[in-house]
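Turn these sequences into a full structure, and let the hints guide you.
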Amino acid sequence: MPSHDEGPGVSTPPRPSTDSLRTETDPTGPDSVRPYADSAFDYLHSGWSPLPLPPRKKDAPPSGYTGRDGLWPSGADIQSWIEARPHDANICLRTPENVIGLDVDNYDGKPGGLNFAKKIEEWGELPDTYISSSRYPADPVSGIRFFRVPKGLAWPNVVAEGIEVIRYGHRYAVAWPSVHPNGGTYRWRLSTGEEVRIPKVEDLPELPAAWVEGLTGGRLEEERVVAEPPADAALWLTPGNSCAMVTNRLGKAMSALQAGASRHDAAKDTVLALLFFGQQGHHGVATALEALRVAFGMTVGADRPAEWEAEWQRMVAGAFGIVAGEPRARIDCQGPKCTGQFAPAFETRLLPSPTTPTETNAMDQTSNQVRRVVVRKANEFVMEETKWLWHNRLSTGSLSVLAGRQGLGKSTIAAWIAARITRGELPGELFGEPRAVLICATEDSWGHTIVPRLAAAGADLNLVFSVEAQVGDSTMPLNLTVDVASLKEAVTETGAAMVILDPLMSRLGANTDSHKDADVRRDLEPLAKMADATGAVVLGLMHFNKTRDGDLFNAIMGSTAFTAVPRSVHVVIPHPDDDDLGLFGMLKNNLTGRSSTKVYALSDESITRDGVTVRTSKVDWTDELQTPVGELHRASAEESSGVARQKEQCAEFITQFLRAQGGSAPRKDVEAAAERAGYSSTTLKRAKGYAGVVSKAIGTGLDRRAEWHLPRFGDSDV
Numbered sequence: 001m002p003s004h005d006e007g008p009g010v011s012t013p014p015r016p017s018t019d020s021l022r023t024e025t026d027p028t029g030p031d032s033v034r035p036y037a038d039s040a041f042d043y044l045h046s047g048w049s050p051l052p053l054p055p056r057k058k059d060a061p062p063s064g065y066t067g068r069d070g071l072w073p074s075g076a077d078i079q080s081w082i083e084a085r086p087h088d089a090n091i092c093l094r095t096p097e098n099v100i101g102l103d104v105d106n107y108d109g110k111p112g113g114l115n116f117a118k119k120i121e122e123w124g125e126l127p128d129t130y131i132s133s134s135r136y137p138a139d140p141v142s143g144i145r146f147f148r149v150p151k152g153l154a155w156p157n158v159v160a161e162g163i164e165v166i167r168y169g170h171r172y173a174v175a176w177p178s179v180h181p182n183g184g185t186y187r188w189r190l191s192t193g194e195e196v197r198i199p200k201v202e203d204l205p206e207l208p209a210a211w212v213e214g215l216t217g218g219r220l221e222e223e224r225v226v227a228e229p230p231a232d233a234a235l236w237l238t239p240g241n242s243c244a245m246v247t248n249r250l251g252k253a254m255s256a257l258q259a260g261a262s263r264h265d266a267a268k269d270t271v272l273a274l275l276f277f278g279q280q281g282h283h284g285v286a287t288a289l290e291a292l293r294v295a296f297g298m299t300v301g302a303d304r305p306a307e308w309e310a311e312w313q314r315m316v317a318g319a320f321g322i323v324a325g326e327p328r329a330r331i332d333c334q335g336p337k338c339t340g341q342f343a344p345a346f347e348t349r350l351l352p353s354p355t356t357p358t359e360t361n362a363m364d365q366t367s368n369q370v371r372r373v374v375v376r377k378a379n380e381f382v383m384e385e386t387k388w389l390w391h392n393r394l395s396t397g398s399l400s401v402l403a404g405r406q407g408l409g410k411s412t413i414a415a416w417i418a419a420r421i422t423r424g425e426l427p428g429e430l431f432g433e434p435r436a437v438l439i440c441a442t443e444d445s446w447g448h449t450i451v452p453r454l455a456a457a458g459a460d461l462n463l464v465f466s467v468e469a470q471v472g473d474s475t476m477p478l479n480l481t482v483d484v485a486s487l488k489e490a491v492t493e494t495g496a497a498m499v500i501l502d503p504l505m506s507r508l509g510a511n512t513d514s515h516k517d518a519d520v521r522r523d524l525e526p527l528a529k530m531a532d533a534t535g536a537v538v539l540g541l542m543h544f545n546k547t548r549d550g551d552l553f554n555a556i557m558g559s560t561a562f563t564a565v566p567r568s569v570h571v572v573i574p575h576p577d578d579d580d581l582g583l584f585g586m587l588k589n590n591l592t593g594r595s596s597t598k599v600y601a602l603s604d605e606s607i608t609r610d611g612v613t614v615r616t617s618k619v620d621w622t623d624e625l626q627t628p629v630g631e632l633h634r635a636s637a638e639e640s641s642g643v644a645r646q647k648e649q650c651a652e653f654i655t656q657f658l659r660a661q662g663g664s665a666p667r668k669d670v671e672a673a674a675e676r677a678g679y680s681s682t683t684l685k686r687a688k689g690y691a692g693v694v695s696k697a698i699g700t701g702l703d704r705r706a707e708w709h710l711p712r713f714g715d716s717d718v
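Using UniProt numbering, the first residue of the sequence shown is number 1, and each one after it goes up by one.
Hint data in this document are derived by calculation from the structure and do not stem from the laboratory. A portion of the hints provided could be inaccurate.
To be verified - Calculated cross-link-like contacts (lysine-lysine; reagent style DSS-like; alpha-carbon spacing at most 25 Å):
#1 Lys529 - Lys588
#2 Lys488 - Lys529
#3 Lys685 - Lys696
#4 Lys151 - Lys200
#5 Lys696 - Lys668
#6 Lys588 - Lys598
#7 Lys151 - Lys110
#8 Lys377 - Lys529
#9 Lys516 - Lys588
#10 Lys151 - Lys387
#11 Lys668 - Lys685
#12 Lys529 - Lys516
#13 Lys387 - Lys588
#14 Lys529 - Lys387
#15 Lys57 - Lys110
#16 Lys488 - Lys387
Stated by the list, open to error - Using C-beta positions, here's what the derived DEER-type ranges look like:
#17 Glu97 - Arg659: 26 to 34 Å
#18 Glu97 - Ser486: 37 to 45 Å
#19 Gly124 - Ala660: 45 to 53 Å
#20 Arg645 - Asp551: 14 to 22 Å
#21 Gly611 - Ser695: 54 to 62 Å
#22 Asp517 - Ala485: 17 to 25 Å
We put the CB at the ideal spot given by N, CA and C, even for glycine.
The structure is reproduced here in structure tokens:
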């Protein structure tokens with residue numbers, strides 16, 4: 001049931017700070033605003049789950065994204081809706097699990113305002129909060145008041161006549177800048193009436209304990225159990241290669257998932273169709289369903305793996321029930337016909353997880369082969385000499401990482417390495433032997449960015465290949481959970497010496513938590529084995545997090561497995577003494593010791609190809625330092641920390657000096673005192689702003705001078 005438009009609005013005790021949210025009344029009208037397109041990502045980043053609605057409507061959000069079992073929209077969903085929906089589509093919010101809205105209707109004779117006042121008298125005043133309504137200021141009571149609440153409680157749908165509860169499992173709230181069917185614009189405001197920008201969920205006040213108790217009585221939400229599929233359902237999960245019927249249906253689903261019009265409906269309909277095919281004996285249903293599961297997770301639930309996985313299980317269980325109750329006549333394939341004879345019941349992730357096997361169950365769950373432990377003597381192994389693709393930096397047959405902050409040229413350096421490989425110019429085992437390079441990139445366009453960057457680096461473009469996964473006629477990004485075997489084939493077929501994954505994080509499986517060591521290892525270890533088996537180097541590009549300490553290992557985003565599994569870890573950092581330069585060096589290499597640090601500059605380059613000129617960047621190596629990059633970074637971090645401490649100490653000195661002078665003093669007096677105390681003019685300038693000191697011009701003409709004031713003594717800066 002959709003939200004009607006309102007949410008509460010009675011002012012109460014002190015309102016939250018909204019300096020960053022205040023705005024003038026939005027002058028735009030329904031013909032000039034794009035409610036969903038212009039605000040959806042702002043809502044997402046503020047903690048809400050924004051869904052599109054038809055223009056000037058309060059109902060019909062995308063199927064599968066509301067209600068207790070609904071999916072939470074990802075960034076990919078939002079972008080697809082922006083592209084597919086009308087430009088003036090309205091926006092509604094599905095609240096997080098820890099937020100409710102009290103929806104008060106006080107118009108057209110509804111008694112919401114009166115009953116709301118009674119509840120305030122019964123349970124106490126509510127804190128000032130954020131309200132969404134299209135009726136203010138004509139109706140100052142109606143609207144939706146939002147509060148943070150404990151998770152897991154059983155909330156009622158109706159508080160009293162004219163008051164409903166909006167929560168993640170029941171209804172949603174139409175919000176700014178949507179247009180009401182009657183022409184009014186939804187707006188955010190405080191209980192005092194002051195209009196505000198989009199509120200962050202974390203800034204919502206907590207619902208008082210008396211209200212929580214009054215609304216829920218402390219009752220917990222009931223557990224939801226996914227229905228078990230029929231006992232013979234596994235017989236329909238035909239393994240092996242998919243037949244023509246199954247392949248064609250899967251291809252349509254993949255296209256629909258990429259188009260993004262309604263990914264939930266596309267997946268649900270395809271699951272049902274494939275299970276009907278399985279019931280009729282068509283081949284490869286299990287294979288197709290697993291491919292669909294992976295694609296569904298990548299396109300729908302990459303941001304929230306727990307939710308999409310649960311939705312998938314419900315989708316499959318429900319489809320099993322429908323197929324069991326509606327047997328259909330067999331439809332033959334248009335191509336080679338299926339025989340209808342297949343091996344039943346092999347293990348698959350389509351069904352809920354089975355009970356833990358006993359110790360005597362020694363069958364491998366994916367191959368039905370007996371699994372046992374084997375041992376070998378160490379002297380049976382042959383020692384192998386280390387071979388280097390790039391001498392003392394990148395060993396052949398290894399997984400390596402290149403990490404750094406955005407804008408420092410990681411991808412440009414990777415393009416330089418790729419170019420040298422394709423020309424046989426990289427110092428190492430393949431010097432003089434040009435080889436191919438495979439690149440899987442999702443953050444940059446091949447036409448606009450990658451090809452010009454490679455051309456500027458001097459690459460042989462005939463030896464550089466893009467990498468994607470394909471199911472039927474549809475392509476999608478590489479997924480390490482399912483595509484490593486196919487990637488190995490591509491490396492072997494092209495004779496590639498390097499595979500670049502830019503960025504590595506985007507290649508993880510949809511249900512891989514990048515901060516969990518076991519999850520990351522599950523994806524990276526097969527990749528490392530593939531590199532070892534083919535002799536190729538896999539170079540994964542990664543970003544830094546916001547850590548500012550002196551340990552560069554801590555700066556690399558995600559689990560420690562990202563630096564533990566690779567054989568070598570390389571980084572790019574700013575040059576500590578020159579903003580125009582960068583440092584490229586090695587943090588770790590299991591097969592060699594210390595290495596030098598290369599100094600580089602990024603320069604602009606114009607590339608003309610097929611009559612088109614494009615500006616791009618290239619890397620120029622300018623110097624080589626013998627000090628490892630980790631030591632250089634630690635020294636720089638310590639120096640920066642010392643500068644910060646000196647600034648803080650000087651700020652305290654300025655504050656104490658001005659207090660002793662009654663709150664203000666001539667600038668020259670402050671400078672002289674600071675110099676006597678050992679502070680430089682540069683430190684003094686930094687400390688002045690840090691302390692909040694302001695300058696004020698005193699006198700006129702030749703008597704004009706500058707005085708420094710503590711904040712409460714002056715309000716202008718000269």
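Hints, one by one, checked against the model:
no., hint, verdict
1, Lys529 - Lys588, "holds, 19 Å"
2, Lys488 - Lys529, "holds, 10 Å"
3, Lys685 - Lys696, "holds, 15 Å"
4, Lys151 - Lys200, "holds, 18 Å"
5, Lys696 - Lys668, "holds, 13 Å"
6, Lys588 - Lys598, "holds, 15 Å"
7, Lys151 - Lys110, "violated, 30 Å"
8, Lys377 - Lys529, "holds, 21 Å"
9, Lys516 - Lys588, "holds, 21 Å"
10, Lys151 - Lys387, "violated, 56 Å"
11, Lys668 - Lys685, "holds, 13 Å"
12, Lys529 - Lys516, "holds, 20 Å"
13, Lys387 - Lys588, "holds, 17 Å"
14, Lys529 - Lys387, "holds, 16 Å"
15, Lys57 - Lys110, "holds, 21 Å"
16, Lys488 - Lys387, "holds, 20 Å"
17, Glu97 - Arg659: 26 to 34 Å, "violated, 50 Å"
18, Glu97 - Ser486: 37 to 45 Å, "holds, 38 Å"
19, Gly124 - Ala660: 45 to 53 Å, "holds, 49 Å"
20, Arg645 - Asp551: 14 to 22 Å, "holds, 19 Å"
21, Gly611 - Ser695: 54 to 62 Å, "holds, 58 Å"
22, Asp517 - Ala485: 17 to 25 Å, "holds, 24 Å"
Violated hints, listed in ascending order, are 7, 10 and 17; each of the other numbered hints is respected by the structure.
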